[in-house]
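Asker: Kindly generate the complete structure, drawing on both the sequences and the hints.
From first to last, the protein sequence lines are chains L and H. Under my numbering, think of the first position of the first sequence as 1, with each following residue one higher. Under my numbering, think of the first position of the second sequence as 260, with each following residue one higher.
Because the hints were derived from the structure by calculation, they are not lab data. Possibly wrong hints are sitting among the right ones.
[Said to hold, decoys possible] Within a straight-line C-alpha distance of at most 20 Å, the following computed SDA-like cross-link-like pairs (lysine to any residue) qualify:
no., chain 1, residue 1, chain 2, residue 2
1, L, LYS257, H, LYS538
2, H, LYS565, L, GLU242
3, H, LYS538, L, ALA254
4, L, LYS146, H, GLY499
5, H, LYS565, L, THR240
6, H, LYS317, H, VAL431
7, H, LYS276, H, ALA421
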Amino acid sequence: MNIVVLVKQVPDSGADRNLRPDDNTVDRGSANNVINEMDEYAIEEALKIKEAHGGEVTILTMGPDRATESIRKALSMGPDKAVHVVDDALHGSCAVATSKVLAAALGQLNADLVICGAESTDGRVQVMPHMIAERLGVAALTGARKLTVDGATLTAERQTEEGYEVVTASTPAVVSVWDTINEPRYPSFKGIMAAKKKPVQTLSLGDLGVAPTEVGVDGATSAVLEHTKRPPRSGGEKITDEGEGGVKLVEFLATEKFV
Amino acid sequence: MSEVLVVVEATREFGVKKVTLEMLTLARELGTVSAVVLGGAGAAEALGAKLGEYGAEKIYAAEGEEIDGYLVAPKATVVAELVKRVQPAAVLLASSQEGKEIAARLAVKLDNGILTDVVGLAADGTATQVAFAGSTIVKSKVTKGLPLVTVRPNSLNPSPAAATPAVEQLTVSVTDADKLAKVVERVAEQKGSRPELTEASIVVSGGRGVGNADNFKLVEELADLLGGAVGASRAAVDSGFYPHQFQVGQTGKTVSPQLYVALGISGAIQHRAGMQTSKTIVAVNKDGEAPIFELADYGVVGDLFKIVPQAAEEIRKRK
Chain L
1 MNIVVLVKQV
11 PDSGADRNLR
21 PDDNTVDRGS
31 ANNVINEMDE
41 YAIEEALKIK
51 EAHGGEVTIL
61 TMGPDRATES
71 IRKALSMGPD
81 KAVHVVDDAL
91 HGSCAVATSK
101 VLAAALGQLN
111 ADLVICGAES
121 TDGRVQVMPH
131 MIAERLGVAA
141 LTGARKLTVD
151 GATLTAERQT
161 EEGYEVVTAS
171 TPAVVSVWDT
181 INEPRYPSFK
191 GIMAAKKKPV
201 QTLSLGDLGV
211 APTEVGVDGA
221 TSAVLEHTKR
231 PPRSGGEKIT
241 DEGEGGVKLV
251 EFLATEKFV
Chain H
260 MSEVLVVVEA
270 TREFGVKKVT
280 LEMLTLAREL
290 GTVSAVVLGG
300 AGAAEALGAK
310 LGEYGAEKIY
320 AAEGEEIDGY
330 LVAPKATVVA
340 ELVKRVQPAA
350 VLLASSQEGK
360 EIAARLAVKL
370 DNGILTDVVG
380 LAADGTATQV
390 AFAGSTIVKS
400 KVTKGLPLVT
410 VRPNSLNPSP
420 AAATPAVEQL
430 TVSVTDADKL
440 AKVVERVAEQ
450 KGSRPELTEA
460 SIVVSGGRGV
470 GNADNFKLVE
480 ELADLLGGAV
490 GASRAAVDSG
500 FYPHQFQVGQ
510 TGKTVSPQLY
520 VALGISGAIQ
530 HRAGMQTSKT
540 IVAVNKDGEA
550 PIFELADYGV
560 VGDLFKIVPQ
570 AAEEIRKRK
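Answerer: Given below as structure tokens:
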């Protein structure tokens with residue numbers, strides 16, 4: 001099975017994150033950039049499917065030059081190769097444009113199965129799997145916590161607010177996964193060394209037949225007008241329990257009219 | 260006034276969700292409200308009264324197995340056709356998994372911008388969003404097409420405004436391409452009478468400090484006494500104390516209740532990402548240096564196994 005995993009480099013969600021003052025896009029320059037955590041689960045799932053059914057796993061990333069670090073990190077877990085869509089014109093692309101670019105790249109990769117994380121930790125927009133599926137005319141099984149592959153049939157279990165659903169589709173398809181689906185492997189030393197030699201193909205917008213005017217800040221279908229930092233919360237009253245902590249807690253709740 | 264479409268979110272068990280009432284309330288400021296019901300046979304009939312109560316002047320209904328038996332693609336096709344026909348001033352969906360997914364497909368079908376996790380929308384289409392785990396407030400706008408936004412639960416207080424909606428059944432013309440992802444089974448899991456986590460006005464969460472799955476009864480008891488939902492930190496979920504669907508944080512649910520009670524939660528950034536826009540935060544933790552106290556309006560340093568039962572007892576006394 002030919003599997004493509006979408007990997008996004010994001011600013012570390014454990015650190016301070018900002019929008020740029022000049023063009024209101026995500027500040028990737030000052031941030032510590034890492035693989036979107038959820039994508040590691042997508043890579044793990046792809047590797048498990050390859051181990052069970054054979055095939056090839058390709059990483060697909062759209063991002064600036066420095067996303068190479070995340071691509072090598074992804075490859076060190078075990079995928080065979082990577083494709084990096086990189087073009088200066090892509091800076092500031094909206095979700096709609098991003099899906100157009102990724103769909104164009106996937107059109108050249110002939111994937112049976114596209115796997116991605118359910119959301120990225122920067123935008124948390126969750127729209128990419130369905131946008132790509134819509135463009136490619138293939139099925140999207142989203143938010144999988146369990147995935148079974150039987151020939152060309154995919155069956156996924158997805159969490160809903162009321163319980164869970166079992167959903168099924170045939171390949172080709174896009175599947176997004178939550179972090180409950182598996183436990184990603186750590187790259188081995190051998191894996192890290194091997195990743196340095198794995199092929200990484202770069203594609204430009206020209207290679208994909210997408211016009212620069214359709215992407216980037218100018219081609220975006222939505223715009224950030226302004227952004228402000230929320231004042232950080234400050235801690236209020238803190239008491240140490242000396243036997244009456246529970247009662248005092250309820251007194252506070254009562255003054256705030258929660259009790 | 261121009262028409263505003265609100266795509267209704269409802270559950271089989273409880274009917275119209277609170278976020279839908281919030282969307283109806285918000286939409287009334289923008290134009291004449293039409294609710295779009297997408298579901299199984301009889302859905303519009305079942306939900307109609309409530310939608311009217313919050314100001315829906317019209318209900319568009321697309322119902323049946325063709326709509327309900329698949330993941331969101333048929334729903335998006337129906338809404339896209341409706342948008343093309345009625346040319347609404349805006350389309351509002353819930354910022355839930357399903358709402359975002361329908362909106363995603365609509366954006367591509369209509370080549371239209373999309374804004375998610377919106378907490379406010381002005382008449383000129385300017386949306387307010389919170390980004391980066393609530394640390395940044397963003398004003399943004401769809402610049403191509405109509406305002407297509409998903410609204411985050413607990414963004415505003417829903418208020419009723421009675422209307423008597425006329426129901427229009429939509430002809431469903433979904434394509435084979437819309438029926439590629441089939442729902443073969445829906446399993447309802449026990450839920451009890453607690454409010455849904457993202458919509459609850461009070462959330463009581465437990466963390467690693469709760470110690471084990473059995474002790475979560477304490478968290479549940481306090482939640483029930485306060486009429487709130489139960490949440491859990493990632494550490495608690497990863498340790499198997501509580502199911503994943505109740506996880507609050509970066510890789511779980513984002514909540515923004517009136518009151519958030521954190522029990523035995525240290526307040527790692529991963530957790531704060533999911534709850535720091537809560538209006539009032541209360542924390543109980545044995546470590547006085549725990550970062551959760553930096554954002555708690557009221558903190559009690561001490562043993563939660565003593566403090567929580569005492570608090571529960573005190574609430575009972577006051578009732």
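Asker: None of the hints should be skipped; say for each whether it holds.
Answerer: Each hint, compared with the structure:
no.: 1; hint: LYS257(L) to LYS538(H); verdict: holds (13 Å)
no.: 2; hint: LYS565(H) to GLU242(L); verdict: holds (10 Å)
no.: 3; hint: LYS538(H) to ALA254(L); verdict: holds (15 Å)
no.: 4; hint: LYS146(L) to GLY499(H); verdict: holds (17 Å)
no.: 5; hint: LYS565(H) to THR240(L); verdict: holds (12 Å)
no.: 6; hint: LYS317(H) to VAL431(H); verdict: holds (18 Å)
no.: 7; hint: LYS276(H) to ALA421(H); verdict: holds (17 Å)
Against the hints set out earlier in the document, no violation occurs for any number.
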